[in-house]
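Asker: Sequence:
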Amino acid sequence: MRRVVLIGATGVFGRRLARHLSRMDGLDLVLTSRSAGKAQTLAQELTAEASVPVSGTGLDRDKDLVAALAVLQPWLVIDASGPFQQQGYEVPTAALLLGAHIVDLADARGYLAGYGPQLDEIARQRGLVALAGASSTPALSAAAVRELSEGWQRLDTIEIAITPGGRSEVGPAVIAAVLSYAGQPVPVWREGELQTTSGWETGEVIDMPGLGPRRVAPVETVDAETLGPDFAVRSRASFAAGLEAGIEQWGLARLAWIRRRGWVADLAPLVPFLVKARRITRLWTSDRGGMRVAISGIDGKGRPRRAYWSLLAENDDGPQVPTLAAAAAVRALLTDSITPG
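Numbering (the working numbering), first residue to last: -19 to 321.
Simulated from the structure, these hints should not be mistaken for laboratory data. Positions of the beta carbon are idealized from the N, C-alpha and C atoms, including for glycine. Among the hints, a few may not be true.
Unchecked claim - Subject to a maximum C-alpha distance of 30 Å in a straight line, what follows is the list of computed DSS-like cross-link-like pairs (lysine-lysine):
hint: 1; residue 1: Lys18; residue 2: Lys256
hint: 2; residue 1: Lys18; residue 2: Lys43
hint: 3; residue 1: Lys43; residue 2: Lys256
Claimed, not checked - Pair ranges (Cβ atoms, derived):
hint: 4; residue 1: Asp187; residue 2: Gly131; range: 24 to 32 Å
hint: 5; residue 1: Glu29; residue 2: Ile278; range: 48 to 56 Å
hint: 6; residue 1: Gly192; residue 2: Ala47; range: 49 to 57 Å
hint: 7; residue 1: Arg104; residue 2: Glu173; range: 29 to 37 Å
hint: 8; residue 1: Arg(-18); residue 2: Gln105; range: 20 to 28 Å
hint: 9; residue 1: Ala93; residue 2: Glu130; range: 24 to 32 Å
hint: 10; residue 1: Glu184; residue 2: Arg(-18); range: 40 to 48 Å
hint: 11; residue 1: Arg104; residue 2: Trp237; range: 41 to 49 Å
hint: 12; residue 1: Glu171; residue 2: Ile227; range: 31 to 39 Å
Using the sequences and the hints given, assemble the complete structure.
Answerer: What follows is the structure in structure tokens.
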């Protein structure tokens, strides 16, 4: 058995990933939360249907992290705690120093940009894997672009959009991450070079397969600044997201407008109020969300082409999607299929 320690196991995404991992042979799964009671309760819930040992314990990433992880002796640490926008590299560094692989669900642009420079050398020296971005972005989004453009001569545009179902469970960490870049410059690849636009402020209506028209706006991810140069995109690479509840989308746009003008510097104090407000705004929404990747360019035979990939998540399955890349990474690690670094 290989011990996997899941940090943030009782959160929106952590709970779903925990259920997935509890059915993956060869693991000894340890669920952690700042509240030991919550972690233990979740472990008990999963044990009835699990195919591996599952236990729960308390762990606060901000208090004696190395000592706490050392006691657990992990083979792999998975960080699903978030939000990663304001975090450093204490968790992955601690894991590597203790001889454990590290996988996290981070999609924060700044965090991902510094991940390799900060951790690659130590991971290689120890023969370990440090993998970030194991989520809808950039793992799934980049995989879709790569598959769609296989054999093409040229890529002109990449447009990625995510629109979650309005009834999907959203915790404080997700809302804090969303507010962190509202009204702030976010990357967009235009005319073959990296530029910026204002997060959440502007938008457009696009057709989401299976969902119909949805309004989306620019959000902060690492995709534009990595996919643009990686695929030599001639014109545009962008990432947008939309909220099903029009009042939520409109409200974010207004907050972004206010912040960009300097009237409010920090939107974080609004998080508790927005968490409560969603109890009302989500009542008129659905449990259906989706993701779309659209590309255009010249295919292998020199023909102008457009290609699409889309994902439709129904029955409130949307929050499962960000966990799947992490689960796939665990399977790959179990078979030594990822190069150290």
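Asker: Each hint needs a verdict: does it hold in this structure or not?
Answerer: Each hint, compared with the structure:
For the given pair, lysine 18 sits about 21 Å from lysine 256 by alpha-carbon distance, which is consistent with the 30 Å threshold. Restraint check: the Cα-Cα separation between lysine 18 and lysine 43 comes to about 18 Å, which is no more than 30 Å; the hinted pair holds. Of the supplied pair hints, the one linking lysine 43 and lysine 256 holds, its CA atoms being roughly 29 Å apart against a limit of 30 Å. Against the hinted window of 24 to 32 Å, the Cβ-Cβ separation of aspartate 187 and glycine 131 comes to about 26 Å, which satisfies the hint.
Checking the proposed 48 to 56 Å range against glutamate 29 and isoleucine 278 shows it holds: the Cβ atoms sit about 49 Å from each other. Between glycine 192 and alanine 47 the C-beta distance comes to about 52 Å, which sits within the given range of 49 to 57 Å. At about 32 Å, the beta-carbon gap between arginine 104 and glutamate 173 stays in the expected band of 29 to 37 Å. Separated by about 21 Å at the C-beta atoms, arginine -18 and glutamine 105 satisfy the suggested range of 20 to 28 Å.
With their beta carbons about 27 Å apart, alanine 93 and glutamate 130 fall inside the hinted range of 24 to 32 Å. At about 46 Å, the beta-carbon gap between glutamate 184 and arginine -18 stays in the expected band of 40 to 48 Å. One distance hint, 41 to 49 Å for the beta-carbon pair arginine 104 and tryptophan 237, holds here, with the actual separation near 45 Å. The hinted range of 31 to 39 Å is satisfied by glutamate 171 and isoleucine 227, whose Cβ atoms lie roughly 35 Å apart.
The earlier numbered hints are all upheld by this structure, with none contradicted.
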